[in-house]
Amino acid sequence: MEKGKGIMGSGRRWAVDFSDNSTAPSSRDIPDPPGFTRASVDQDDSTVSRQKKDAESNWKAQKAWEVAQAPFKNLLMMGFMMWMAGNTVHLFSIGITFSALWQPISALQGVGKVFEPYKDNKVDLLGPKLLFIALNLGGLALGVWKLNTLGLLPTHASDWVSSLPPAQEVEYSGGGIPL
Amino acid sequence: MAIRSFFLFILFFSSSLSPVFSLYEDQVGLMDWHQQYIGKVKQAVFSSQRAGRKRVVVSTEENVIASLDLRHGEIFWRHLLGADDVIDGIDIGLGKYVITLSSGGSILRSWNLPDGQMVWESSLQGPKHSKSFLLVPTNLKFDKDNVLVVFSNGRLHAISCIDGEVLWKKDFEAESFEVQQVIQPPGSDLIYVVGFAASYQFEMYQINAKNGELLKHESASFSSGFSGEVSLVSTETVVALDSTGSILLTISFQDGKISSQQTPISNLVEESLGPAVIIPSSVSGIFAIKTDAVTVFIRVIGEGKLEVVEKTTHEIAVSDALSISEDQEAFALIQHASSEIHLTVKLAHDWDGNLLKESVKMDRQRGLVHKVFINNYIRTDRSYGFRVLIVMEDHSLLLLQQGEIVWSREDGLASIIDVTTSELPVERNGVSVAKVEHNLFEWLKGHMLKLKGTLMLASPEDMAAIQSMRLKSSEKSKMTRDHNGFRKLLIVLTRAGKLFALHTGDGRIVWSHLLRSLHKSEACQSPIGLNLYQWQVPHHHAMDENPSVLVVSRCGPSSDAPGVLSFVDTYTGKELSSLSLDHAVVQVIPLPYTDSTEQRLHLLINADKHAHLYPKTSEALSIFKREFLNIYWYSVEDQNGIIKGHALKCKCTGEVADEFCFDTRDLWSVVFPSESEKIVATVTRKLNEVVHTQAKVVADQDVMYKYISRNLLFVATVAPKGSGEIGSVTPEESWLVAYLIDTVTGRILHRVTHHGLQGPVHAVFSENWVVYHYFNLRAHRYEMSVIEIYDQSRADNKDVWKLVLGKHNLTSPISLFSRPEVITKSQSYFFTHSLKAIAVTSTAKGITSKQLLLGTIGDQVLALDKRFLDPRRTVNPTQAEKEEGIIPLTDSLPIIPQSYVTHALRVEGLRGIITVPAKLESTTLVFAHGVDLFFTQLAPSRTYDSLTEDFSYALLLITIVALVAAIFVTWRLSERKELQEKWR
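Residue numbers (full-length UniProt numbering), protein chains in the order written: chain H, 1 to 179; chain B, 1 to 984.
Heads up, some of the hints might be wrong.
As the list claims (entries may be wrong) - Covered by chain H, according to a simulated footprint, are these stretches of chain B (three or more residues, beta-carbon under 8 Å): (1) 577-591; (2) 694-701; (3) 733-740; (4) 956-966.
What the hints assert, rightly or not - Here are some of the chain B residues that sit facing chain H, going by a computed Cβ distance under 10 Å: (5) W351; (6) D352; (7) K706; (8) I847; (9) S849.
Because the hints were derived from the structure by calculation, they are not lab data. For every residue, glycine included, the Cβ atom is placed at its ideal position computed from N, Cα and C.
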């Protein structure tokens, strides 16, 4: 990730531009060769750069999709781990469940940051973002489902009445065997 | 936060899986204390052994025989005979056997004096019931064998002292003969048996002690008859009173000839005294008569002539005679004078001369001297010294010697009637700084020692220091309230009418108070303490007041005798006030209402079923008026087999207008058929029990609603035939019926009949369950049953959303007149022990799981988890049920040796077990009383809410310091490394 960022982002630390951008000839004393028109070179130059930009944005879009799909693998792994952890409440299963809940949440919080490097006017990031969010939500749902199978979600009546105080009685009666 | 709560849950879960309560050997005495008592001394015999430690053998009203150290009053050995095995007499035979006669003279036992082991036992039968006498003649021999002379059940026995064999016996079968004295004149082979026949005839039998042959039988009739006891004034003269109590009869039977003389008391004492009684004494030549006001000592001067030697209006106690030489007898006399008692020792024939005269300061709270026992010793200058053992009105036992109290025993605590608790005062502004610093140093030192102990570095001395530090930690015996609520005062009322406050930390007596209202007086002849109630428990807004208890007592044993109320401050032990009531007290009903000073309202029901409200203030009356229609009461007439419910009606319609008195009317009655059912046990829930929740979560997240009602009464009845001893009926004609009755409406909620069962029934009621213990005649074993009662009408409250939003009526007040739909679940199990008492642990909030406390026949307290008595137990519980904690069903309840609360100790004569919640939810305080007292703390689910007492804070501190240091060091190291990386 770090490396990719370096190249893609502010990345290019230095560059040698072999194309001469100046429209004016560098030296007037040497005439242009016959049949050479400076304007065409200029035009040619711009098409090259455009092509490059296109390639870059294509590449960015591709990468963005890749990043967006990354949680899927995570999801599969999580599912496997959960299956391994079993349905009884103990340290391992609780740890797995909480990491399964925490990862999607933290990922969702950092959606903007993850897609920052691929920000481009030409790249449409909405699709990858939506996929990323959907996959993470799926992960979250998996975590919640696991929590439920562990019986840690208050979905039963028993979870709400367990601390219900006994009802007061209106009448009071005392007595017993005479002293 | 969530994780922590889950961890707590896990902790709780794992701890609840191991129900065994046990403690390590070095934890004994840390939380618990045990005190041994013997009860009020009836008779004391001093051992005359020359060598060895001086001891005194006593028999008591609690049926204890004990050998006490004369120097310190400690118990050498002690035996508690059964409740129906009352001791009639004790003596020492041959200088090494303690002889006891008990059970109305039908059992004679001999115990080894040094160690208290039983040597022999013989049972003595006879033709009819009579007084019993035990004589140990010193010089009556029979083939080198000392002989015991026992008169019991109308038969005279001579018994070998060595093996308890009956040498001869002689019946006294005359229908109306009532034995009064059995005399064995020292130095002769004769035994005199004197008594009355048909209440006006004096009979004398002279018997040969060698073979039981009747030598002579004389009788003489006295037209005026006899009353009361006779006093022996010499070996051949007795003094009796006539039936009017005004004429003294001096009867002499010298040489088998009866001669008598009558002396009217008025001839001896000028003023008229009214009817008198003879105080029995064995001092030769002197006897005493007592009237209401005065005690008169009279000397017999030959030929039946009488002479008054002293007349006193003081309370007086006389000892038996002690022969100090061939022809000299001494006796002790104790007289009261305000705060002192005067002890005089006189010779029998010389009234005016005193061998000894001492004054001893006596605590007023001990009351009057009831009994005196005298003993002598030889001083270094070969003169006689005397020591006396005195029994006081509060049943305490004291040894007086050389004008001082050498030791005292608070044996009143052996007969506790009722127990309640009181909080200690709140700690006022803090301790001084110096004390804190000292404490800090001590604290650190203590913890360093403990740390050494944990790391196994401690030497044996260190270990001893740790142990002693733990045992006498000053924390537990402080006189202030503590954060956990472990320190409290146990207020106990004893049969002697004395209130004691015991500190729960170490069991010491904080104060004691002999109730003035329980003193004998003109208005109240024989007051009996009945019960203790918490009268005022200040908290919140009445913090400045001291808490107080209400002592309810009654003048005389009959139920219509007028009652007496006294109010005692529990901090100081002062009697705040006392009220002599003009009505009887048949029932006391503490109401669940308090006034602005936190005084609890009490309703006292008298014999005419009028209800009297206390305290008699207008505020109490207005509170009571508000709840007037909701107050009911019920009475259990166990003799008639009727349970009646009553409601309050209106003001009393007596001649005197009393706005605190109310008439009552009968509402309902449950009549048990007298030919088939007899009430043997009734139990209700404890008034102060706290229930945490009304719901019970069962397997698969299902909910059952408990039927929790304060007004539920458990009644057990048995077949009248089967109410006797176990085994007296066949299983076919014996049964037990258990009822659950609503005491407001009289509705029988549940009834179950068990066939082939027999009492005695012991039961305990808590939350929504009852556990009862009985005998199964078919299986020949004891059994315990549990009934749990659930409210079916609430069962459909299962909509989660309603519960989340609070749109349910589960907590709204309910009336018992709405018809409840209940279901019950019950199950029975075999149980090995027979029981003396049963109780259940109670905690502050009722969250902690419960344990049953069973007082076993071996005088121990066994803790049994309630989960063993769960009617939902099955042979093969499902996985979900196992997770819930249901134990697979077994036919009998396990007895785990480690779960004896009393560990290695015994609470002799166990009568009751009381549990009091501490402020710490996990912990409950348990007090068991009988002849002995035992107190401990219990945590039925372990102390899940606090660190244990032996937690090493020092280790924790050191770990934290080490971690901080490690963090610092590694941080520095990593910084350095980073720097080096950068320079590379």
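Do the hints match the structure? See the list:
Evaluation of the coverage hint for the segment 577-591 of chain B: fulfilled, as 7 residues show C-beta separations to chain H shorter than 8 Å, against a requirement of three. For the segment 694-701 of chain B, the stated coverage by chain H holds: 4 residues have a C-beta nearer than 8 Å to a C-beta of that chain, and at least 3 were required. Under a criterion of three residues with beta carbons nearer than 8 Å to beta carbons of chain H, the stated coverage of the segment 733-740 of chain B fails, only 0 such residues being counted. Residues of the segment 956-966 of chain B lying with their CB closer than 8 Å to a CB of chain H number 0, which falls below the three-residue condition for coverage.
The closest approach between the C-beta of W351 (chain B) and any C-beta of chain H is roughly 47 Å, which is over the 10 Å cut-off, so the hint fails. Annotation: interface hint on D352 (chain B) violated; nearest CB of chain H at approximately 51 Å, more than 10 Å. A hinted interface residue such as K706 (chain B) counts as satisfied when its beta carbon comes closer than 10 Å to some beta carbon of chain H; here the least separation is about 7 Å, so the hint holds. Checking I847 (chain B) against chain H by beta carbon gives a least distance of about 9 Å; that is within 10 Å, so the hint holds.
A cut of 10 Å between beta carbons decides the hint on S849 (chain B): the least distance to chain H is about 14 Å, and the hint is violated.
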